[in-house]
Amino acid sequence: DAGVIQSPRHEVTEMGQEVTLRCKPISGHNSLFWYRQTMMRGLELLIYFNNNVPIDDSGMPEDRFSAKMPNASFSTLKIQPSEPRDSAVYFCASSLDGGGNNEQFFGPGTRLTVL
Amino acid sequence: AQKVTQAQTEISVVEKEDVTLDCVYETRDTTYYLFWYKQPPSGELVFLIRRNSFDEQNEISGRYSWNFQKSTSSFNFTITASQVVDSAVYFCALSEIGTGNQFYFGTGTSLTVIP
Chain A
1 DAGVIQSPRH EVTEMGQEVT LRCKPISGHN SLFWYRQTMM RGLELLIYFN
51 NNVPIDDSGM PEDRFSAKMP NASFSTLKIQ PSEPRDSAVY FCASSLDGGG
101 NNEQFFGPGT RLTVL
Chain B
116 AQKVTQAQTE ISVVEKEDVT LDCVYETRDT TYYLFWYKQP PSGELVFLIR
166 RNSFDEQNEI SGRYSWNFQK STSSFNFTIT ASQVVDSAVY FCALSEIGTG
216 NQFYFGTGTS LTVIP
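If you read the protein sequences in the order shown, they are chains A and B.
Per my numbering, the first sequence starts with residue 1, numbered consecutively.
Per my numbering, the second sequence starts with residue 116, numbered consecutively.
In short, the hints are calculated from the structure, not lab data.
Because the structure is a prediction, the values reported are computed rather than measured.
Any given hint might turn out to be false.
Straight line, CA to CA, 30 Å or less: simulated BS3-like cross-link-like pairs of lysine-lysine [as the list claims (entries may be wrong)]: (1) A:LYS24 <-> A:LYS78; (2) B:LYS153 <-> A:LYS68; (3) B:LYS118 <-> A:LYS78.
One side only, chain A facing chain B, incomplete, derived with CB under 8 Å [claimed, not checked]: (4) GLU11; (5) VAL12; (6) GLY42; (7) LEU43; (8) LEU45; (9) TYR48; (10) PRO61; (11) PHE65; (12) PHE91; (13) GLY100; (14) ASN101; (15) GLU103; (16) GLN104; (17) PHE105; (18) GLY109.
Just so you know, even glycine gets a beta-carbon here, dropped at the ideal spot from N, CA and C.
Excised from the complex, chain B in its bound form (with noise of 0.2 Å):
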């Protein structure tokens, strides 16, 4: 079963559009991290964020912003006043600390940001 599923394969949207990328997690154990890489047209991933399981609070960074729900075991970020350098993959990850360092990786949103 897939651990980590993003369900929105590619999304477009027009310059300074607000766009929320959906990650939805399964897990049984207590103790997870997860994370949020972008990936942009030149191939590099580049982190993005990390939150564990028991720091509910949303973070904000500048234009982006994380909302992590354990009650729907979600952890969505939205690109506020998206901008053509927003344009790449995005990948959530998770992290379960009884794997060890095991990564599961989603299958990504292609992100087009049109100016």
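If we strip away everything but chain A, and leave its shape as in the complex, we get (with noise of 0.2 Å):
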């Protein structure tokens, strides 16, 4: 498998604009998640999914962040507009189903500079 694909992996964009990073989970996951690592802040979780629902979105900063899930094989998370201070890596991870006891595996991530 290929494991958990994101794109872009670096995205340089001015404030203002809208971003768009997307997220294919490995085949087979039923858990996707969104992570925001920071310096400042760490490795932070924005939300999670489960069988393309959203279960917990509590770690959202703003209404400036939306997540989707249309269907079992692709996430998008959009930042609009977008501010210097969501300047940050972005991870996107899947599990294989619900109850917790199973590992994430981690994309390689996004690096976002909002300038």
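Assembling the complex is the task here: the two chains are given apart, and the hints tell you how they should meet.
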């Protein structure tokens, strides 16, 4: 299996622009997670899905952030409008199923820079 | 309250020394899972090990070993005969059966192995 795939790997944009990050989970995995990693805050869970349904989005910083999972093999995280403080590495991860007993497999991350 | 505490922010050791990374967790669940992840300088998060709360057997995998002690709520990670390639940030994580698939990550310990 190719593992979790994220695109783009790097994104540089200007403040106010819309940013869309993409993720393809491992085939057969039913849970998908979006994380943000910064030096100041470490690794933060933004939102996670089980069977394409958002379960907990309490980590989403504000209304500028939105995430969708239209099908089992694709998810997006959108920031609109972007701000410099959104600069971070965004990771997508997937795991086999719910229950908390399965390890999460992480994608390579998208490094976002908002100027 | 922080569910996973990694008190050691940074550790430096000389190659071939042994090093132990501490992880203390907090949970009221009787069923839970503990994980360690490695994040090398390249940035990806690599799964190392999973442990469930009913299995306190220590585990050894090559130069890596893990010591799980429920009595002290700790899940420490030891690298024997450290190598430069072990230089990375190591994260401990907790998953509680009651909260589904959500992981609680510690803040990480940055390990530098000096040649």
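Right, here's what the structure says about each hint:
1. A:LYS24 <-> A:LYS78: 15 Å, holds
2. B:LYS153 <-> A:LYS68: 28 Å, holds
3. B:LYS118 <-> A:LYS78: It holds: about 29 Å lies between the C-alpha atoms, which stays within 30 Å.
4. GLU11: 14 Å, violated
5. VAL12: 16 Å, violated
6. GLY42: 5 Å, holds
7. LEU43: Nearest chain B Cβ about 5 Å off; hint holds.
8. LEU45: 7 Å, holds
9. TYR48: 6 Å, holds
10. PRO61: With a closest approach of 17 Å, the PRO61 of chain A hint is violated.
11. PHE65: 18 Å, violated
12. PHE91: Holds - the Cβ of PHE91 of chain A comes within 8 Å of chain B, reaching about 7 Å at its closest.
13. GLY100: Cβ of GLY100 of chain A sits 4 Å from chain B, so the hint holds.
14. ASN101: Result: holds, 5 Å to nearest chain B Cβ.
15. GLU103: 5 Å, holds
16. GLN104: Hint on GLN104 of chain A: holds, closest Cβ of chain B at ~6 Å, below 8 Å.
17. PHE105: The hint holds - PHE105 of chain A has a Cβ within 8 Å of chain B, the shortest such distance being about 6 Å.
18. GLY109: Holds, because the Cβ-Cβ distance from GLY109 of chain A to chain B comes to roughly 6 Å (cut-off 8 Å).
Checked against the numbered hints above, the structure breaks hints 4, 5, 10, 11 and satisfies the rest.
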